[in-house]
Every structure is written in structure tokens, then in C-alpha cells.
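The primary structure of each chain is shown beneath.
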Amino acid sequence: MTFRIAVDTGGTFSDVVVTNGETRQLWVNKALTTYDRVFNGISDALTVVSEEIGISLHELLSQTTLFTYGTTFSTNAIITGDTAKTAFLTTAGHPDTLVLREGGKLNPFDFRGRYPDPYVPRRLTFEVPERIDSEGAVLMPLGEAEVVRIAAELRERKVEAAAVCLLWSIINPAHELRVAEILKRELPDIPVTLSHQINPILREYRRASSAVIDASLKPLMQRHLREMERDLKEGGFKGQLLVGTSFGGVLNVEDVALRPIYTVNSAPAMAPVAGRANAPDEESIIVCDMGGTSFDVSIVRGGYMKFTRETWIGEQYTGHMTGLSAVDIKNIGAGGGSIAWIDPGGLLRVGPQSAKSSPGPACYGRGGTKATVTDASVVLGHIDPNYFLGGRIKLDYTAAVRAITDNVAKPLGISVYKAAHAILAIATDNMVNAIRSITVNEGLDPRQSLLIAGGGAGGMTIGRIAELLDADRVLVPRTAGALSASGGLFSDIVTEFSASRRTDTRNFDYDTINADLAKLNAEIDAFFERIGTPRDQQFREFFVEARYPHQVWELDVPLRGSCFNSRDDVEAMIEGFHAAHERVFAVSEPGQSVECIYWKARAIARLPKPTLKRQRTAAIGAEPLSVGDAWFGGDVPEQTARYDGPSLSGGASVKGPCVIQEPTTTIVVFPGWKASVLQNGDYLMTKEG
Amino acid sequence: MTTEPLLLAILSNRLDRIVREMTNTLLRAGRSAVLNTARDFSCSIITSDNELLASAEGLPVHVIGTELLAKAMTELHDDFREGDAFLHNDPYLGNTHPADHAILVPVFFEGEHVFTACAKAHQADCGNSLPTTYMPGARDIYEEGALIFPCVQVQREFKDVGDIIRMCRRRIRVPDQWYGDYLATLGAARIAERRLKELCKEYGREAVRAFIRDWFDYSERRMIDAIGKLPSGRIVGEARHDPYPNLPDGVPLKVTVTIDSAGGKIDLDLRDNPDNYPGGLNESQACATNNVMTGVFNSIDPDVPHNAGSFRRISVQLREGCIAGIPKFPHSCSMATTNIADRLVTLTQAAFANLGEGFGLAEGALGMGISYGVISGEDARYDNESYVNQIFLGSTGGPGGPVADGWPTYYLPVAASLMYHDSTEVDEQKYPLQVWEKRLIPNSEGAGRQRGALGSKVVYGCKNNPMTVAYTFDGHENPARGVRGGMTGQGSDGWKTDKAGNRIAVPMAGTQVIVPDERLVSMTGGGGGYGSPLDRTAELVAHDVSEGWVSIERARNIYGVVVTESEAEKRLYLVDEEATRKQRANISAVANPSNS
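Chains as they are written, first to last, in the numbering used here: chain Z, 219 to 907; chain V, 24 to 619.
If we strip away everything but chain Z, and leave its shape as in the complex, we get:
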């Protein structure tokens, strides 16, 4: 037998998904993440699966051909500050690039927030005498003696990694390259990241930020990935290990170890990959992944995931921007733990404060007294207190009622059911706002889209989200509880190469641009060659990031190919730009010329995808476990059936209101909706009438 394994190690849980290549069966499981040795948690989860299969863990691993590893390890390291002691070398006269970021703030009247520290402290920032101008000319030669002195200081101060970002290195990298040579000579054991290599884009803050984040992760991630490789090998694994990236793809361990920034925010980037695999023919998909503290949205349009260059670790403006082109994930801190409160004007608010996992929602019975979204679901009868997370946690119904009565129902003078409903409605409204912000920015109509729900809490709220968005189809994959991990099963090896080169369509520089594109093509050739991708599995996509004259923010426009043969090719690109501008900004300026700034090539080495068969053998039909009261907005309960998901047969259809309990998620089918069990075990909810 041959198996494939995909893993997603999150902050709390490690999710595993296993498929069998011959029987086309699929298993999903979870275990607590073990921080000291990540493999232990994974092997806990896999052991349970191997027992279900009827083999040992060693047998499972030794028969596994492909292991995809998605991890929040690097993201967590950044948040907790456990990264390497990193030095930042930059052009003399410009030491505050990381301190000042790009500016901006959310609320102009709020002076209570602390100004954030730079990613690298100023005392580890070094000014390198040199200057290159925007045309690549050297205005001031590199002060090599000073670089040697800096290297000595780095050694003395026990710096563990270094990042170099000099102005205009994207046009003329000579100085960055020379600094790297000197550092390599003086400090052979310290990893160095050069800004023009990790992220060759205009804008010194973004490039510097990419470089320092990448450098700071190198020692840690290189160690971590080596350890994972060793643990897997000792466990019997002989197959290929691939690591998830923020491009929504995977890469070899060696490539990731050289550019560990690619793993930052990679876990949520796998959710749309899973979404696309679950609904390959959909024109537009909105993927919502909701856990206990966070809600992530991403979109897939015409089979393409939406990318952005603005990924923040932490809050917008006060966090750190990765600067890389990556799958666009809109994240809000809303989840089951979000706390409901009444503001001084008497308005009900939900979040942003969260009860987190300790003390947790009141119904957890761990001393929490505040009303949370999970408490609301318990009061409304959407969650069975005895079957939360497959019965792993018993919930305290009375505590949930008390929390909502005291904190919300009494102050507002409404019933506990109305209060619970309002909490859920406001929490979902915040999520809907997050969805709208990412969809409208892309000109995508949620009403015409398929919603896909993932995460432990996704199935409970997605129905209401669909109502608010006026969408009429929702897919809850049977892997919903481990959506990001399952994305790993369906991902390809993806990497990007890019070049900064400004040209104007009024005076299009065919020769230079074609030479740049040819260079990108050659880089892709070398990449495919190195990883041994068969020719028929090689795919390439080319993009330009372009703008109207005087603009500074670019839009992505796909190119027809990797060469501009004639004016026709240029015109097609211009048309593509006008259309994208119209879609995103509601206006365009036909006839206006277009400035092209970056050229981007994406290499995709397609991996074989598992085909899955229907999981269910037991064809019991649609018999509920029980029928009881649940509330959906009114004071009067509705008779609501509760089904055991795994015992529903393919093709079965159940009418809302009802609740379907799956081992890793709970699905609430709202009144007016029905849920059909697809042959592969996924649930499709549709609006009736």
C-alpha cells in the first residue's frame, strides 16, 4: 500500500490527513501541538490513524511516498520573538527604515496605542557607507573597510544572522553582493539574506522587512526542518518531504531552508488550495476558516488564488509586513472565544477581546464568566454540550445561560435566546465584513460564489454568513476540521521569480523586457531541472504588476506568454490592465498608457493528486440521533434534528433546521436550507425555494 500524509501544525492543534493510494480512503485526525518537539504531536495524531488502518506507525510512515508539512512554527517564532539575534545593514543615512515602516494608523483619535518596536532593534542596525541611484549609478563607492569593521562587531556581539538592504539594490546589486562576500569571509557561520535576492521589489521598507524576517528565521527553521527530517526518517519515512509556503504551494526542504520567510503565514494559505481542490469547476469560491480565536478568508477566482503584497504579521500598520507576494488571507480576531459586551451607549458588541482557551468560554467550566460566541451556540441548542469536539470536552449549559443572562440579556432587557442570537449575529456580521472587504476589492460577487467552510467552528456559522451575503450554496468538506492540512494533499510545488524593470507602453522596451522574461524562464528551467520535474508536469505563469502613469500601487495582470512578439501582445496586456482597473476601482482610463514595474514568473511543478472515494459504507439513511429544541432568532424554539454525520449515507439529504455532528466539526443547517451528503462525504448546503 502507498500513503500520502499532510500535516498542519497550528498553535494549539496538529491536524493530520492521510490518504491511501490504492483504496482511495481518507483519514482525518488531530492532536495537541508539542512545541518542544513538533514531531511528537504529529506522531500522536498519526498513531491513532495507523491503528484505524490496522498497521503500525512505522509501517504507515515507511509506506508513505509524500509527506507535506504545513507549519505555523515560523509565524509563532516571530510573534513570540524567538527568532535569531539579527543585524540589519543598510545604506548610510537611512537607518530608520524599519522603525518608520510606511506610516498609517486605523483610528486617528486614538492616542493610547504604543508605537511598535522595529523588527530589528536600532542598536543592531548598521549604516554602510555607499549610495547607488535610481538609475543604478554608483554615487558613493562601498566603504569596504567599514563593512569589515561591522563584521567584527557582529562577531563580538554574537549576532546570529544578518540581513542587507541597500537602496536601489534591485537595479544594481553590486554593493549588496560585495557586502555578502565580506560577511561570508569574516563570519562564515552566520546566515545572510540579501534584499534583492529574497524580494526584488521597489520600496525599501518592504524589501528590508522581507530580508530581516528571512534572516531571523534561518537558524531556527534550518534546525527545525533538519530535526523534522531526522525524526521522520527514524520513524521509517523514506519518501519525499515537502513544506507548505505562503504561495499556497509546497517546496523542497532545501529551498525552504534557504528562504524560510516562505513559510510565514503558509498554514492559512493552504485553505484556499483545499477549497479549490474541493470544487475544481467553480468560477468563484470564498473559503472561510474559523477556529477558536481567528477567522481567515481567502478567495479563488477562475481557479486562481488571489495574491497580495501586503501580508502583515500582527496588526496592519503596527505589525511587520512580509513584503512578499503571497496568497491574500484576510484575518480577523473573531472566533468561538470572542466576548460579548454592552458599550456605554447601550449597544451590543462582540470582540475584539477573547476568552482565549483560558479561562475560555463560560461553558468550558474553567472559571470564565463572560459571554462568548460559543456560549451563544450552546444556549441556542446549536452545540450539544455532550458532543463538543466529538465529545472530547463536556460543556456546562447552565454556565453558558448564566453568562449570557447576566452580561447581555438582562442589561438589554431581552430574553436569553434573543441575546444569544444577537451575539451570534453580530459575530457573524464582523466576519461578513471581512469577507466583503476581500471580495469587493477584487470585484467578486459573493452571491455568485460558492462558500466553503473550514475549521472547528466553521460549520456552525457558515449558514448565517451565507444568509447575510445572500449566497445560496455552501460546501462543508468532510475534511473541514483540518482544511489547511488537507490543502497540502492537493498542492503543487510552486515558486516565484521576479524582476523589477520599469517600462512604459508608449515606448515599450521589447528587447530589455523580453531579455528579462527569458531570464525568468531560464530560472524556471533550472528550478524544474534541479527538482526533477517531468516535462509534462511543468507549468508556468507570467504576470506584470502595472499601473497608470503617476500611480504607485500596482495591479497584477496575467500575460499571454513569456515573450512580447508584437504590438498585439502589448495591446492585450494594456486591455487586461484597463479591465482589472475597472473591476477593482470602478473606473478605468481607456487610451491612457500603462507603466509596467515588476515582472513575475510562477513555476508550478504539478504533483499527482489523490483521488478519493466515498467514505461511507454504513447506509443507515437519514435517521436523527435525537430531536430537540434549538433557537434561530425567535423566542420560540424550533424542533431540530441532530444527526451523526459519519452514519449518513452518500446521497442523503436533510432539511434545516438541523445539526450534523462530525468528529472534528459541527454543522448547523439553518431553517430554509437543506444539506445533501455528496458521494465523497462532503456536505453541500443549498437554500430551498
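Read the hints as simulated data drawn from the structure, not as lab findings. Note that the coordinates shown come from a computational prediction; the quantities given were computed from them, not determined experimentally. Among the hints, erroneous ones may be present.
[What the hints assert, rightly or not] Restricting the straight-line Cα-Cα distance to at most 20 Å, the calculated cross-link-like pairs of lysine to aspartate or glutamate (EDC-like) are:
id	chain 1	residue 1	chain 2	residue 2
1	V	K220	Z	D663
2	Z	K905	V	E225
3	Z	K376	V	E592
4	Z	K303	V	E590
5	Z	K376	V	E588
6	V	K224	Z	D663
7	V	K182	Z	E807
8	V	K224	Z	D688
9	V	K224	Z	D690
10	Z	K303	V	E592
11	V	K486	Z	D351
12	V	K220	Z	D688
13	V	K593	Z	E345
[Said to hold, decoys possible] From the derived model, a few chain V residues whose C-beta atoms are all more than 12 Å from chain Z:
id	residue
14	T60
15	G106
16	A212
17	E261
18	A602
19	N609
Ideal Cβ positions, reconstructed from N, Cα and C, are used throughout, including at glycine.
We have chain Z; now place chain V onto it with these hints.
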């Protein structure tokens, strides 16, 4: 209340989102750097009764008072209808200053006017007699020279009124850039129109109208609650703008704040200020009003909504013909959004600090200086193409407050950290500009328990042809003051260096033409501190020393904190607790000899 609490929350969220969507459109689609990098613009939604309803993420100086623009539309045009759009930049008719072009789009649902969507953006050029949007020396509107549009129709049936576009194209420098900005601004208003119609369709006109009423009432309750937390009393704030052309003594400014805590009311009186003068610093009515209101909102719970509902609890007394009031035509209001405006914001918030511990803010540093100059010329790299634009390279220092230090990305009191600053690389690519230095200035902060932010030093020159730089200062003679024992920040400064590196003085407002090898130097001010520096947490002072923001001597002499270099790591400083305790006791004893 007729709107269910749930619906109230949902609709207010929705409006917020619509404004954010407008904002995103303007930011991304805007052509000039003033918009697409500095985001010197704002978007808002106004009711059909001309009351400000929503304004998320808008620059305070732009947003409050936008309802005056909508009022001009409904009063001047009795036949406005769907598909219309109006261009308004008239400071005598409710606008901020002539460089801010506002586009107003009336939003109709089922044939009825329900909202007015407004997007307002600072232009790179507005047709002034000099290539700058700030004309400190203009004796009147004629000398200022801007094209003025007193709420003029610019679209009919969703199509441009060609006459207006042609006028602008003829009189505004770099017309393609202007037209691109116009499209972006219009796009933002039209997006709001689309979304607001969807909203009305979803909930029905009556529910939306009921919501507006209830949302204003809710906002008013929040304001009453916030004012209830302030002590009652009358406080007077005074400050002085630096000397200027035609204003040899500067401008003395005064605001009287009367707080009625129990009655939930605040009155702001600006009538006791000098008359209009022949120059560009005169405030417009919209600015004078919103500046002091901004000072109030900076001093209370920031969660209180900023709309006509909360505004009901604030009254502003203005006088006609007053430099900080209602401008008398044809006095120029060219600089109404910055200089005196900044003074009024920061003066009001500092006055609130006099109410007691925990109230108000220190003064933030002001004056745009040379690092916010408007640059113009011809770029030899691109066939001598003309360019004109304001650059935003170095921020002034933000004010210390009751809980947080000032932000070094403050920009100006009226911008309140909302703006982005320019990327050196973007500026150097777009303009023949060479930025030699951009850094924070150590020891420039107003010391305090919460210190002001540092000012910045920016040095730049030009690459090829001569470059014209128009700039204006403030905060050189009258830097940002601290409150409650906090200290004054370092003042702003600026000069030119010639080929040999000699320093050449420049006037506080004016125009310089520089050639390659010459450089302009800009030093923006530091923000004022809040509370005594002797009360600052010693570890924070040591951190400032490690980071190079504060020198070892200044830590000892001003903050009373003695630091020692860590044995484990060079350049990392730790608090010497015993020496610090003694040093702080000594400084206190010298300052208050009677106590010892």
C-alpha cells in the same frame, strides 16, 4: 429607539465598511503622491438632511464639516438628480481650502435623495499662481490664483461636463495627473453610491431612515457619557504661531473650553482671536470648526462615533473676519488645513490636559517644513516631462499622552498618523530627487513620563535640472510644549547647503530653486512630553538609550536615570537602580528645595 439593537450594530458596521471601500479606491487608484502615498484625502457619507453620518479612517481635518459641502449642493442646486456629481473646493462655502477638491454624488433610492457621498482629495496642483498648493504670501484669493468651484456640476447622467474638465485641464499643472486623481475621487463616490443603493434595497428606505435617527441618538448618548467623565470647568488654551510673511509677531491664538459635565456639553470659543490678514494662513469655517473638535475627540474615548449625533454635544463659537473663524472674502485660505489648523488641534488637546491627570495630550510638533515641500520642475530622465507634487519624507514628532509615548509617524496634528510617508525609492524613481539622509533626531523629544516622539532629519537634492521647492514652517520659535510637567520638544529648522557644504539660511516660508550639488536640510520638531520625566519608567529610558534615541547624559540629567552598559552585550544599557534612585531624589530636591 425603533431600530433593533442588532440591526443598529449591523448597519453601522456596514456604513463603516462602505467608507473604507471608498478609501481603498482612492488610495489605490489615485495618481498623485499626495493621494496614493500620503493619503491626503478622506471619504464620508452624509444624510439627505446634510448631517455627517460616517467617516471611517478619514483625516479629521477633512471630514468634520463635510456636511457643509453637501448643504451647498442641496441649496444651490434645486434640481440635482441621479447621475449628477458636483465639484466643490470653495472655502467660503464650506470647503477646507482650495487645494482640496471634493466630489459630491447625491444618492437616490426609489427616486428619493437618501444620502450624499463625498470624497475629498488634496490635489498635487490646483492652478495657483505658483507651483504649490500652499500660498503663504497670497494677499487675497486673486493673488492665490486657484481655480475655485463653488459646488459646480461636473457630471450629468454619469458623464463628465466637458466644460469643467477643460477648464481644469487648461489651468492645472500636469493635467493628466489631475484628471487621474479626479477619476479616482469620482470612483470612490460612485462606489459608495452603488453600495448605499444596495443597502437601501436590502433593508428598505424607512428602516434606513429610522436607523440614521437611532444611530445619531446612540452616538449622542456615547458623547454624553464621555463628557460625563470629564470634570466641569472653563479652561483657556493659548499658543502662538511663528512669525510669517506679513505677520512679524506671528499669530497669538486662544481657545476657551467650557465643559458642562453634568449637562454633557462642551463649548469651544474661538472668537477672541486676531482678524483676517492679507496672507494665506486664514482659517476656513470648516477648518476652524473641525480643528478644535479634533482636539476634543483626541481627549476623550476614541470609541465614541464621530458623526452629527456626537457633534450635537459640542458647540463652536466663531467670529466672521477672524483668522481662526469665518473668513471674510477675498482673504486667502490657501493654508487653512495646516498651520493655524495644526495649532488649534494641539492647543485644544493640551488645554484638556489642564483638567487633571489622565486628561488631554501634550502638543504635537507642527510645521511641514522642507521635508513636506511641493517640488516642481522638468525631469531630464523622461524627456523633460513636467512634474509637480508634494513630498512627504520626514514626520514631525507626535505628542505624549496619559498612557502612550508620541508616534514618530505623526506627520501633523491634523493628520494624526493617518498618512503614509514616501518611500525614498518611489520618490527617486518618480522625480529627479535624491534623498541623502532620512533619520530620527536623537534627543529631540519633549521629555516626559510619556515622552514626545523624535523629530526627523531629511537631506535631499536634485538629480539633473534645477528643482523648485515651495515650503512653509512653523514650530521653529514656538516648538511643541509638554503638559503636566512634560517638557518641550526640539524646534523645527531648515537650511540649504551649497556645493562646498556651507550652510545658507532660508526664510521660514518661501520657494527655493536648487541645482545639483546643493542640498536642502529639514529638521522637524519633536513632540511635547506628558508628565514629569522623573516619573518615566526607568527601563523605558534605558531602552531609549540602547536604541540611540536618548543620550546617556540626557537620561541622567533630564530623566534622572543612570544606565550602565550590559556586560553581556555592548550597546545594551541597563538601569542602575540605586544610582537612579539617588539621582532622581537629587533632581527633585533641587527643583523643590522646600520639600527637602
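Starting from V/K182, check that the Cα of Z/E807 is at most 20 Å away, please. The given pair, whose Cα atoms are some 14 Å apart, holds under the 20 Å limit.
Please verify that the nearest CB of chain Z lies beyond 12 Å from V/A212's CB. violated, 10 Å
Is Z/K303 within 20 Å of V/E592, Cα to Cα? holds, 12 Å
Against the 20 Å threshold, does the CA-CA distance of V/K224 and Z/D688 hold or violate the hint? holds, 13 Å
Hey, Z/K376 versus V/E588, does the alpha-carbon distance stay inside 20 Å? Holds - the C-alpha atoms of V/E588 and Z/K376 are around 16 Å apart, at most 20 Å.
Take the C-alpha atoms of V/K220 and Z/D663, compute the straight-line distance between them, and say whether it is at most 20 Å. The given pair, whose Cα atoms are some 16 Å apart, holds under the 20 Å limit.
Pairwise hint evaluation, Z/D690 against V/K224, where the allowed Cα distance is 20 Å at most: holds, 18 Å
What's the verdict on Z/K905 and V/E225, does the C-alpha distance respect the 20 Å limit or exceed it? holds, 18 Å
Check the non-interface label on V/E261: least C-beta distance to chain Z beyond 12 Å or not. holds, 22 Å
V/K220 and Z/D688 were given as a pair; does the straight-line alpha-carbon distance stay at or below 20 Å? holds, 16 Å
For the pair we were handed, V/K486 and Z/D351, check the Cα-Cα distance against 20 Å. holds, 9 Å
Classify the label on V/N609 as holds or violated, using whether its beta-carbon is more than 12 Å from each beta-carbon of chain Z. Fine: 28 Å to the nearest Cβ keeps V/N609 off the interface.
Hint violations for this structure: numbers 14 and 16, all remaining hints satisfied.
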